[in-house]
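*Asks:* Residue numbers (this note's numbering), protein chains in the order written: chain X, 1 to 698; chain R, 1 to 698.
Hints listed in this document are in silico derivations from the structure and should not be mistaken for laboratory results. Small disclaimer: the values here were computed from a predicted structure and weren't measured. Treat the hints with care, as some may be off.
Said to hold, decoys possible - Only pairs whose alpha carbons sit at most 20 angstroms apart, straight line, appear in this in silico SDA-like list of lysine to any residue: (1) R:K256 / X:E667; (2) X:K656 / X:Q47; (3) R:K619 / X:E534.
2 protein chains.
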Amino acid sequence: MPSNPEWVKALKPSGPQGSELLQQERAKSNLNVDQLADFMFTQEILQRNERILNILQADPVFDKSQNYFRGRTSRIEAALARGKRLQQLQVQHNWTKEEYQAANDLISEPTPYGLHASMFLVTLREQGTPQQHKLFLEKAEAYKIIGCYAQTELGHGSNVRGLETTATWNADDKTFTINSPSLTASKWWIGSLGKTANFAVVMAQLYIDGKNYGPHPFVVQIRDLKTHEPLPNVHVGDIGPKFGYNTMDNGFLLFKNVKVPHVNMLARFSGVDPQTNKYVRPSNPSLVYGTLTYIRSNIVLQAGSTLARGVTIATRYCAVRRQFQDRDVHEPGENQVLNYTMVQIRLLPLLAATYALHFTGKSMINLYQENQKRMSAGDAGKLSDSNRGPGPEELNPGTDLLADLHSTSCALKAYGSTTAAEGLEVCRRACGGHGYSSFSGIGSWYADYLPTVTWEGDNYMLTQQVSRYLLKSARAVIAGKAGNNDTTRILTEFINRRDIGCAFDVIGNDEDLVAAFAWRVSFLTFEALRHRDEEKQSWNSLLVDFYRLSTAHAQYMIVKNFHDALQDSETKRQIDGETITLLHKLFRLFALHTLEKEASEFYSSAAVTVRQITLARTKTVMKLLEEIRPHAVRLVDAWKFPDWQLDSSLGRYDGKVYEDMFYRASELNPLNNVVFDPYPDSKVLFRKDERKDLRSKL
Amino acid sequence: MPSNPEWVKALKPSGPQGSELLQQERAKSNLNVDQLADFMFTQEILQRNERILNILQADPVFDKSQNYFRGRTSRIEAALARGKRLQQLQVQHNWTKEEYQAANDLISEPTPYGLHASMFLVTLREQGTPQQHKLFLEKAEAYKIIGCYAQTELGHGSNVRGLETTATWNADDKTFTINSPSLTASKWWIGSLGKTANFAVVMAQLYIDGKNYGPHPFVVQIRDLKTHEPLPNVHVGDIGPKFGYNTMDNGFLLFKNVKVPHVNMLARFSGVDPQTNKYVRPSNPSLVYGTLTYIRSNIVLQAGSTLARGVTIATRYCAVRRQFQDRDVHEPGENQVLNYTMVQIRLLPLLAATYALHFTGKSMINLYQENQKRMSAGDAGKLSDSNRGPGPEELNPGTDLLADLHSTSCALKAYGSTTAAEGLEVCRRACGGHGYSSFSGIGSWYADYLPTVTWEGDNYMLTQQVSRYLLKSARAVIAGKAGNNDTTRILTEFINRRDIGCAFDVIGNDEDLVAAFAWRVSFLTFEALRHRDEEKQSWNSLLVDFYRLSTAHAQYMIVKNFHDALQDSETKRQIDGETITLLHKLFRLFALHTLEKEASEFYSSAAVTVRQITLARTKTVMKLLEEIRPHAVRLVDAWKFPDWQLDSSLGRYDGKVYEDMFYRASELNPLNNVVFDPYPDSKVLFRKDERKDLRSKL
């Protein structure tokens, strides 16, 4: 398409410019953005991110201008080029894992090396012996071999015990035979497998002498190191396009009796003794489950920043976009959309949620790290994931911080990622029609994030684990065997007060507000316990109750963590009183808005009266919206997303929304380099086709 | 990619096959699928659809096998080819508008001619004079000129009065000058404009002698009829990729003082007298607003079938997919996912909603058609849309069926399309990990449907119109001027019973269940009236209440319409008693599940007690899930979607889910025709590239 004619170039948006409106927004609030950002992320990390951003922006491989226009193949081609360059840069700048991750966050799309750099290396490191580190890990770290982690199968997702792939021990030649006995045994969804990996860690049912010992990890070469073609009796490929995540080559994989040597079974925790041909039992599985807790805690922290991207874009755009005059205030010109309460009620509680999730995630990670220290000091909790080993019911939660942490991380992973995913869609719609354009930057971000609600424990499945733990804790409390953690504390308080009832002043008193959330969790726990233990209801019939219980637990934890963070002396040292007051309003907005959404559970647990909730909704929440509104733009600014990362016309820091939309549509859009033949009776489709090549070069 | 090796071809899914499982499902229920389908759609229309399906399936242009793999340009190229062929077929088979629409529904993607065939033709037909029909409509119907309807602008969506494009009357040469005074005046989002149209109906502010007469429609040629290049001083193009709808060329359009003759202003309702140079006032705008009511009623009906596609896919897949053993019932093998109550509570209320929306949409359309008859008999209602003319407050709702219908259509459009969009995402997630694959067929369908929540009245904006009407009706009831329609009936009943209170047996009595929904609407209406008229609260501060009020009204209408449909003698004549009993369970599931979701409003309006809602949730709803479960697959079968239309691996009628997933991934996926070079230090990206051309041919 010829570039815009002069008369078009001369046109400006009408009325107050977006840049002026955002300047006014920033002038209206005296929130110290830099101070808040330093508190949240540390100055050191913000500076590091800027340094990395400069490196990436200078490199044409990372140019984002064609991202939204590319089809699947050229997107993944570009992602491959970027993955390669990223690895070169990591070597060149001697980046730490965190710096490499920061670069990935700025690029904001999965690369085909994603699962190599994460799960493949981690699994080799954590589950391999020193000999196996030498054999596989060193080459993998040098990208001489590229791997993936092949667990899920076409017919088997959440239920790992149901995997069909087999690894049969051959006592005669001391090898394992890896085999896919059916179509549903095909590995599926495996990141980096489709086109990139030449090795895979394959989870397969270990068989020794006809007996099944459950799923174990095996290192298997799948492609030739020179030609990159599949090895004989290996069928491997990409599983095709997805709702998002299309820069990743999620793959399928089938084996027809492929033999691997004894050393290819990752043997740090368990293995086969090649002399006796006997199974060697796992030594300390809790380390693995600790990792899972860590991954989930990180998902909680990320849920905050994931959602914050959408909230940043929508808040800025709703300050720039004007639509209709206010019905009562007859000022000239249209009203900023952000002034409408119907927009505020959608965006500002989500803004509050970004901070709530951030502080909760941080607190989870701190707890995890504390616990790691205890564990290395010998006070190790024995924890497990029911999908992968014995269930938490076998534990004594009373004495176990890790069990509590694990359960909390399940509840928060499920609730946090659902909140982020659904919140992003709310942000997209709050942008009105333009939210539907790829240039909003929200749609693709949402689509790429969605798998998080399913992986690392499906959000619905996880709620069963949480409930199992809470029931177990309740039984311990009743039996007088309660230990020392927050869950047993709130359950015990509930038992003690149950007969005298409660009276929480949720509007006037923050501690009461937190306590009301705790009361509801306890109420639902003992209700569920009664259904299960006394009324002997089936597990299946209680799944809906368990989902509600887990959600209630997560909401309590977030409200409590947000509240604790604001009481913390470190917080008061690092940020000024006005900022804390504003964050406190966000805390109250999050808590009261959640309370109102879940009103019926608060009623039925008798934690709060109908009158209180009506007041909370019609008065307190509306008042908080009004008080937070002037600070909205600065509050999203504090998340410090560079424009390059957001890649959004609507969310630009400078407010030049319409100029950017127009530029991308008219100057970057390759479809404008073709001319249609519009007549149905003509056999020509494109009368002219002057598209430039979208393919990537390194 | 070479086709699958023999050993792969020999593999089957393990365990009971999907085809067996769906056969068992169908054997478990004796629901007469054909009878129910005939009742919903008529046999005649089902047969017509099959006839059209056969025509489309036989034509390679409509082959869908590469749909999910194509990038934007080749998708739109394929859509152009299909649009052309469709028009040829329409001529060849002498298709009616309904048949043409049925073909489009089967193809299930927008074509670049979409807005020509709908809004352009409709606007010319309805707003053009006989002379203009001759000049424009006849050519447009013959596809000699291709058009679009250009209303929305870059800076102006919902608020039509805020449009910036001007049409200035030139008294000297009897022409209009069409001009875009700013960048935000650029037409934007206009379907079929980006690449296809050579004409546009442009909504522009009419200026005569310096005075603004508001937005009016002008026919403007924008591209050369031979070269298809833009005319001088016209800047036009495609606005770029979107979250969905990428087979449509939504476009932008700017004018620099382009002159059109007097005859190009569509003049059936208003115009400029070329002799006097005076504005001629609109004669009967209510006809246009009637059309809007009709469009919205159709959106309600479509919401049912839109959602039903997702529910069909998810229900069938959840009957095929098995995961985990039941915790209490230790049967061998894994349990069908559809047996888990947590899956049932997500899917079955949506299944109920599909029927509820269907019967409600039908009833709305019937009412509309009745009213059209009355109008042509002279009893015309004067109705308007606040976006496009005077607001409903100027009307007397008491005497006006159309006003009531218009308000109901706004409430139902907002609620129905939101329910369908969000329900589709619930269906997608209910499919677990595979829901994320494009082959699920839900993601793209959802993405294409999403604009419906924004267009034909933004769902949030519409709720204000509904509330305005309800407030007006309440004032009339209080003033004793209530007329004869359902809204005034329920408001009057509420007033009469308010002081003695209510006692609805929502679990035991269906009429009471419907009445509880009516009571809540009335309660919220009078609450809002008190806030607005007595407490003088600002309109803006009440927007959240208005949204809730409109939602409550829509839910009441759906519950009432579903209930009425089952009481109807025609229903009892056409379908057997067992089927009615089953539909009645769906009615109760929809109503009680909705009641429980909105529990806090039912409490605070004192329509229902806490105890009742707890019982409804824990007993009645769970019981209904159990009773409906065995009929789930047959109930989705009755929607009669051909596999070709669904284009879904997961939703196949025959249950061959895994075979189809595998086939599409391994045999159709073009990415498997390239070989990566996986090493970061190599400059090569694709070591081999044997992709076939994805371009379309006619």
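*Asks:* Could you work out which of the previously given hints the structure breaks and list their numbers from low to high?
*Replies:* 2
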